[in-house]
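Participant: The lines below spell out each chain.
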Amino acid sequence: MKKINKLLCIGLLASQAIGCASLGVQPWERDLLAKEEMALNAEGVDLGLDDHIYFSKEATSGGRAFAGGGCGCN
Amino acid sequence: MSSTLTREINIEQRQDHLCGYFQAMASPCEVLIDIAESSDISPRHSLWDEAYKLVSAIAEEAWRIEDKYSRYRDDNIIYEINHARGRRVEIDSETFELLNLANTCYELSQGRFDITSGILGKVWQFDGSDNLPSQSVIDACLACIGWHHVTLNEKYIHLLPGFALDLGGIGKEYAVDKCIQIARQQLPDFSVLINFGGDISVTQPRKTLPYWQVGIEHPNPEEQTQMMVKIAQGGLATSGDAKRYLLKDGVRYGHVLSPHTGYPVMDAPRSVTVAGENCTQAGLLATLALLQGAGAESFLKDQKITHWCLR
Amino acid sequence: MQLDNSSTNIAASLALATCTLLGSTPALANESVDNEWRFDTAILYYGETDRVSLVEGVISATKDFGDDHIFNGKLTYDGLTGASATGAVPQDTVQTFSRPSGHGGYAVAAGELPLDDTFRDSRVQLNAQWTQPLGDNLRGSAGVHASKEYDYLSLGMNGSLAQDFDQKNTTLSLGLSYQFDQIDPVGGTPERLGVMPIPTYIGDDYDDDHDDDYDDDHDDDHDNAYPDRNGTQNKDTVDVLLGLTQIINRRTIMQLNYGVSVSDGYLNDPYKLVSVVNDLGQTQQTLFESRPDQRTKHNVYWQTKYAMDSGVFDISYRYATDDWDITSHTLESRLRFNITDNSYLQPHIRIYKQTAAEFYQPFILDDSPLPTFASADYRLGDMDAYTVGLKYGQQLDNGDAWAVRMEYYQQNPKNAGFDEPGQLADLDLYPSVKAMMVQFNYQF
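Chains as they are written, first to last, in our numbering: chain Y, 5 to 78; chain B, 6 to 316; chain A, 19 to 462.
Hints are not guaranteed to be accurate.
[Stated by the list, open to error] Result set (EDC-like, lysine to aspartate or glutamate): computed pairs, CA atoms no more than 20 Å apart in a straight line: (1) A:166 - A:254; (2) A:371 - Y:55; (3) A:409 - Y:62; (4) A:452 - A:154; (5) A:186 - A:86; (6) A:253 - A:359; (7) A:186 - B:144; (8) Y:39 - A:327; (9) B:309 - B:282; (10) A:81 - B:80; (11) A:81 - Y:40; (12) A:432 - A:376; (13) B:160 - A:418; (14) Y:39 - B:144; (15) B:160 - A:254; (16) B:127 - A:154; (17) A:186 - Y:41; (18) A:92 - Y:62; (19) A:409 - Y:41; (20) A:371 - Y:41; (21) A:409 - A:340; (22) A:253 - A:341; (23) Y:39 - A:415; (24) B:212 - B:194; (25) Y:39 - A:359; (26) A:186 - Y:55; (27) A:371 - A:327; (28) B:306 - B:254; (29) B:127 - A:167; (30) A:186 - Y:62; (31) A:81 - B:85; (32) Y:39 - A:418; (33) A:432 - Y:62; (34) B:58 - B:13; (35) A:432 - A:402; (36) A:452 - Y:62; (37) A:432 - A:343; (38) Y:39 - A:343; (39) A:81 - Y:62.
To be clear, the hints were calculated from the coordinates, so they are not data collected in a lab.
Excised from the complex, chain Y in its bound form (with noise of 0.2 Å):
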């Protein structure tokens, strides 16, 4: 009995410190996350450019999308 008790304290604590960690929100919540430059591809063009020039000026690319460049650039 004690060991079901000590169980059920655990499992309560497990529970309680997962919905304190729960994360996202409900649908009617996104109203902030639906603007658009709250996307994370927002300015998409601008992002692209600053790409292009990175790849070809320095030794690393990619991250944020592939690494590919398209370009004899480097």
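Got chain Y sorted already, so can you dock chains B and A onto it with the hints?
Facilitator: Chains B and A in isolation, oriented as in the chain Y frame:
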């Protein structure tokens, strides 16, 4: 939605008035012209021509508004706004004024009246069954509801992607009022009544009898007859539909939906009929009353307006 | 919840509001049918002090064919002119170098870093991408690209899947891309660590048309001065990208990517050189560089965007490492302030740091054995770089939007621990590269 094939008008004489009728906005539409003091007119009488001109102009206006604001068309401003996918859409001044009225109603009702909530009507099928939509479906709808997310000014409207407008709660009443203006201009000396599917407006009192007596569909479906309403001047509108509900576990879900919860407003009257200064005002007051749920009657009483509430 | 005490005013307020509405004259039917294509255009000027300048134009067109079936096509054109570092060291005397075509040569003044001043190229790139749902919470995307410049051709294709979980709060994605590159160097492909010939004369080529070694006007067969050299070289690159996107709360979204990129084939830059110097630092020979023919890169990218009441805070960090021993850290942030409902100001900062490739060396000492791989390309050496910029954007009443941004980019190459013999100790082997960027965007 009426197809252009059924866009024709008819006129006939009924005792002391001329009646023009046509179909618009999925409703039978009537234009009644009081001819009590000139009772012996024939189709050759010039008044008949005047009446024909008026009914034509009114029908044209009703069809114009239907075409412009129906959400069942893919070539109008509503379609453009609802498919803008986050882009701004240019609007004309008429659309702005209508949307501005919707904004006023949103503010006056503390968010209960919301023209972005039409999407809920697609998931709630009020067919008398016990088919309630699932919470996840409602949640998905609620993500796309909220007039406060809409940016509106005189030049454009900006909706977030996924949002959609439905002017169904305003359009028909607005059409009645626009048409009554045409009647006032074209036949200033006659009393004219316009009745678009129960949304009614009258230009001025009649000459002999002071009021019009019209039958509107009885809000109580158990009543076989029409409900007779007397109206002398101003607007009259009904909101609510007693035949549209769901029944589950003994709970009756009426068809008035709350944009806050996504569920029907509980304890709302089955229908509310309001007499007001014009049809649009009457219709909005009736809708706002329904959205009050159990508080509908006290709301109407506070407004000091003539009303009929069916529970 | 009941309406507040002001509720008695509602009938009057509505009467007033409806009268305003009905007082308005009916407007003509709205005839404007909006263009369903959405265009993003930009033109960028990038200019380095005394070196390369680039003008790049982009037209990106997107159309939604309904139900989230989205097509994006992008056309990029860039034109490049100016000089770029060859990798050869400066000397306290005048140096001469052959042009890559082998026709003629050019002189570099004492104390100056050798730059190949004949860079001129233009490039056209086309991208097409199709994205559509494959199920309730599954999206697929596929695309192709082709890029052509005078001496270079790149063809690629990619595909990815994204699966949403937990009411679309979590998205997992897997992407694959394959790219085929072909280089056809001006003057043929030089031998790895082959000796650059001493030019027979200094000045222009025998014909003005051939002054610009990278010029588009060349015949395809290059009028080759090195007939014994190999011709085209190929490179294959495969990328795998794993992504996790998580919505944290109403204001925060986070992304974590892990990417692997494997390149196989010709990874040299055929125009880059390495100087062989004696213990006085005097150049004895100039060799063409030699890089390994395989490279495997790994990177981890983390990004967080936070919605403020009147703006967006965006921060990202990238860690990258590869089997050439290059490791880099990139920290980048943008902070958007909405000035009004229709305009914003956005400062941008980027800080970058990389360590040198294992085979990087600024020069080869003539008394040491010749290595298998060597490159003096400063882009493979130790380097810090930073970018600061500012962008202003405005949305117009007709729904179009424009923006302008200016950025300053500075690269500071560093000595990765090489002793500098003789005269080299007094010369600047690692000059900074300073560039300005100006960009104008228009969206309609």
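Participant: Each hint: holds or not?
Facilitator: Hints and how they fare:
1. A:166 - A:254: With a Cα-Cα distance of about 16 Å, the restraint between residue 166 of chain A and residue 254 of chain A holds, given a limit of 20 Å.
2. A:371 - Y:55: Holds, at about 16 Å.
3. A:409 - Y:62: violated, 23 Å
4. A:452 - A:154: violated, 49 Å
5. A:186 - A:86: Given pair residue 186 of chain A, residue 86 of chain A holds - Cα atoms ~15 Å apart, limit 20 Å.
6. A:253 - A:359: violated, 48 Å
7. A:186 - B:144: holds, 12 Å
8. Y:39 - A:327: The hint holds at about 12 Å.
9. B:309 - B:282: holds, 12 Å
10. A:81 - B:80: Roughly 18 Å separates the two Cα atoms, so the pair holds.
11. A:81 - Y:40: Answer holds: residue 81 of chain A to residue 40 of chain Y is near 16 Å, not above 20 Å.
12. A:432 - A:376: holds, 15 Å
13. B:160 - A:418: OK: residue 160 of chain B and residue 418 of chain A at ~13 Å, within 20 Å.
14. Y:39 - B:144: Given pair residue 39 of chain Y, residue 144 of chain B holds - Cα atoms ~19 Å apart, limit 20 Å.
15. B:160 - A:254: violated, 52 Å
16. B:127 - A:154: holds, 18 Å
17. A:186 - Y:41: Given that 20 Å is the threshold and the Cα spacing comes to 19 Å, the pair holds.
18. A:92 - Y:62: Cα-Cα ~24 Å, so violated.
19. A:409 - Y:41: With Cα atoms ~14 Å apart, residue 409 of chain A and residue 41 of chain Y stay inside 20 Å; holds.
20. A:371 - Y:41: violated, 28 Å
21. A:409 - A:340: violated, 33 Å
22. A:253 - A:341: Distance of about 17 Å is within 20 Å: holds.
23. Y:39 - A:415: Answer holds: residue 39 of chain Y to residue 415 of chain A is near 18 Å, not above 20 Å.
24. B:212 - B:194: Judged against 20 Å, a Cα distance of about 10 Å means the pair holds.
25. Y:39 - A:359: At roughly 13 Å apart (the allowed maximum being 20 Å), residue 359 of chain A and residue 39 of chain Y satisfy the hint.
26. A:186 - Y:55: violated, 28 Å
27. A:371 - A:327: This hinted pair is violated, its Cα atoms lying about 33 Å apart.
28. B:306 - B:254: Roughly 33 Å between the alpha carbons, so the hint for residue 306 of chain B and residue 254 of chain B is violated.
29. B:127 - A:167: Since the Cα atoms of residue 127 of chain B and residue 167 of chain A sit roughly 54 Å apart, the hinted pair is violated (cutoff 20 Å).
30. A:186 - Y:62: violated, 36 Å
31. A:81 - B:85: The hint holds at about 15 Å.
32. Y:39 - A:418: Within the cut-off at roughly 16 Å; holds.
33. A:432 - Y:62: holds, 13 Å
34. B:58 - B:13: holds, 13 Å
35. A:432 - A:402: holds, 8 Å
36. A:452 - Y:62: holds, 14 Å
37. A:432 - A:343: holds, 16 Å
38. Y:39 - A:343: violated, 41 Å
39. A:81 - Y:62: violated, 34 Å
Checked against the numbered hints given earlier, the structure breaks hints 3, 4, 6, 15, 18, 20, 21, 26, 27, 28, 29, 30, 38 and 39 and satisfies all the rest.
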